[in-house]
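When you get a sec, could you build the whole thing from the sequences and use the hints?
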Amino acid sequence: MDQLTDVLTAISHPSRRAIIEQLAAGPARFTDIAKPFDTALNAVTKHLKLLERAGLIERKKQGREVLISFQGEPLRHVAGWVHEYERFWNERLDQFEQYFKDKKGKKVKKKR
Amino acid sequence: MTTKTIEVKLERMIPAPPAEVYDAWLNPKIPGNPWNAADKFVLDPKVDGLFYWSLKGTSHYGRFTEMARPVRIEHTWVSPNTLGEESTVTVTFQKQGGDTLMTLVHSGLPDNDRGRGHEKGWNYFLGIFTEQFGNS
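Protein chains in written order, with numbering that gives the first Met the number 0: chain P, 0 to 111; chain Z, 0 to 135.
Quick caveat, the hints were computed from the structure, so don't treat them as lab data.
Since the structure is predicted, the reported quantities are computational estimates derived from the model, not experimental observations.
Zero decoy hints are in this set.
Keeping only pairs whose Cα atoms sit at most 25 Å apart, straight-line, the calculated DSS-like set for lysine-lysine is:
no.	chain 1	residue 1	chain 2	residue 2
1	Z	Lys94	P	Lys106
2	P	Lys102	Z	Lys28
3	P	Lys103	Z	Lys94
4	P	Lys100	Z	Lys28
5	Z	Lys94	P	Lys105
6	P	Lys102	Z	Lys94
7	Z	Lys28	P	Lys105
8	Z	Lys94	P	Lys100
9	Z	Lys28	P	Lys103
10	Z	Lys28	P	Lys108
11	Z	Lys45	Z	Lys94
12	Z	Lys8	P	Lys100
13	Z	Lys28	P	Lys106
So, in structure tokens, the structure goes:
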């Protein structure tokens, strides 16, 4: 998968967005991140793995602790991609392409 | 103040020869081109010809700057989403066997990531992705 897909997957889940919001306020330890969640610790681990794969978090060793911090750059790429006109032209071109596909389909049927 | 701009580039393979695709792009009766979606439109597809179209109360204006049938159409594009500035839409039609590789580039778009347009874009895409990956 490309990074854009990884980032969109990462921010598609409310729990992961909550983690991003929490980390945007400053780095935190795993136990601090897991505290607000009423789920098993391995579910939090899974969420963090997806965020890490998307490049949205970074783990850094500080003494005996591991601090997890938020990295905002991948979100900027998404914002640049999801422009109003990207959506608009995609919809237009999908319809345009479909028109010709339907037309070609009808021609093939007639020939038979 | 200089506004940072971005570019949107999209490609489609259309199963028809370039001349047919070129003509269809300027024919308001064909689904998919901008004029077909309009509630109201004016279209004069020649160099220095103007167009206007509105959709749900949002007006778009432009001027054709290049018309090279069947390979290239270029026109300006002004709307509230471009903050009143002229952006540029270039559509090229490249023969690929019996098909046409159509490339649309919309450049000079303001990178207004706090703008209303972006918000809509975000909601749209995130809505889809939430449905698709919401349970992952």
